[in-house]
Amino acid sequence: MRYPDIDKYAWLDSPIHRLEPRIKILSFTVLIFSAVFVGNIPAALLALAVALLILILSRLPVRFVLQRSTPILVFVLPILLLMPLTVPGTPIWSAGPVAFTEEGLSYAVLITIRAVAAIVLVLTLLGTQRIEATLRALSLLRVPGVIVQMLFFTYRYIYVMMDEFLSIWSAMRAKGYTLRPNRYGLSIIGNLVGMLLVKSYERAERVYCGMEARGYRGKPITVAPFSITAADCFAGLLLIGIAGGLQVYPLVAL
Amino acid sequence: MHISDGVLPMPVIVAGWVITIILLAGTLRWAAKKGDIAREIPKLSVMAGAFFVASLIHIDIPPSSAHLILNGLVGVVLGPLSYLALFIGLTLQALLFQHGGITVIGINTVNVGIPALICYLAFLAGSKRGIPLPAIGGVCGGLGVLLTVVLLVLVLVVSGDQFFAVAGLLAGAHLPIAVAEAIVTGAVVGYLVRVKPELLPIPLKGEKK
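From first to last, the protein sequence lines are chains H and C. For the first sequence, the residue numbers in the numbering used here are 1 to 254. For the second sequence, the residue numbers in the numbering used here are 1 to 209.
The hints are simulated quantities; they were obtained by calculation from the structure and are not laboratory data. Where hints are given, some of them may not hold.
[Said to hold, decoys possible] Pairs of lysine-lysine, DSBU-like flavour, derived with a Cα cap of 35 Å: (1) LYS43(C) x LYS33(C); (2) LYS199(H) x LYS128(C); (3) LYS8(H) x LYS199(H); (4) LYS33(C) x LYS199(H); (5) LYS196(C) x LYS199(H); (6) LYS196(C) x LYS175(H); (7) LYS8(H) x LYS43(C).
[As the list claims (entries may be wrong)] Covered stretches of chain C, as calculated for chain H (at least 3 residues, CB under 8 Å): (8) 28-42; (9) 71-84; (10) 100-111; (11) 171-185.
These numbers come from a predicted model, not from an experiment. Glycine included, C-beta positions come from ideal geometry on N, C-alpha and C.
Given only the sequences and the hints, what does the whole structure look like? Please build it.
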């Protein structure tokens, strides 16, 4: 278990880092949605090229992006392996009952390119600014207060609960516990989770009392720490223009 | 199991967001009627943080290796607000760990949140009948994962016939996790009954229902 240090390269300096958080979130979100909805492989490749270009501009280390993109393999690998074999269509290659179809392969490749383009854009968006800046920008973008506050608090308490978990866990390990997938091993995990919940509940009570004593009434005090410049507007419009272009491109090319 | 960006077609993604927004608005309105929502935010967040951390526990069950989902347990402990807590949890998983995509947070929340709500109702119904609480907890833990798998398969099959084999593989890989979650959730409920029964939606001793 490791800390979620998604913003560990937020201190770098690049045109993407300097982009105003609200503009960045809005334009990247439009771009990400556009990239996941492209309908054919050429347009998807174009989206991937745009994503990679933005990544290069952002100067994020390639290793960071590679390490962080591994979760998508859980979905992309089965799709790449199974779809060409199971989708009916024109066979490119066949051995006995097993056929490798063109339709399956092209659909799987389309999904893979879209997934890679999306994760590169997501990582560039999140990796180039502090997570606090992201959440604050969301609140300024009129995301409901309950949601933003819960994201803030939960994010903060993930670290606390992780430390709690690790201290219980190392105590258990010191007493010779190893996690085995049998009934005993799992019910011990159940006790561990239960203990974590009890600790978190009691902490939550104290946190709430402390916050109420300091005047918390459910409304965050937001100050706007960001200012939008003409260059930000231009960059944002450019990115949204690219997003629109990705959707229009297949129609024009046909 | 959280779906990545770029896999699903547009109508499914839009439907996921619509259902999630309706359910969030509904459960929040319900919570506002019950009491001050400002009171709930810090508590819910700390609990959501705990569930988030617990769901990072990695269990190797040959042939697959997986993280706990714990949506059954979240449903039992947090009640209708579990949908909000799971939405927050999934958003943070997408933002911090890239488990699941950004555009599919809506549909991913549907997949784990609706089973959580069903588990809550199942726990209430079971505890009224006087079935031992750890047993209902175990059932809810398994049920949460199974319903999630059912919804996941449904989402993939609706998205296109091409996903048929992929859906089958994912469903098969999740069955051992359902068993593991049933055991873990049963143990958690048993622990809470002994240590902190006020966390569970049951009438306490000496308290009038």
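How the hints compare with the structure:
no.	hint	in the structure
1	LYS43(C) x LYS33(C)	holds, 17 Å
2	LYS199(H) x LYS128(C)	holds, 28 Å
3	LYS8(H) x LYS199(H)	holds, 29 Å
4	LYS33(C) x LYS199(H)	holds, 28 Å
5	LYS196(C) x LYS199(H)	holds, 10 Å
6	LYS196(C) x LYS175(H)	holds, 25 Å
7	LYS8(H) x LYS43(C)	holds, 28 Å
8	28-42	holds (count 7)
9	71-84	holds (count 3)
10	100-111	holds (count 4)
11	171-185	holds (count 5)
In terms of the numbered hints stated before, the structure departs from none.
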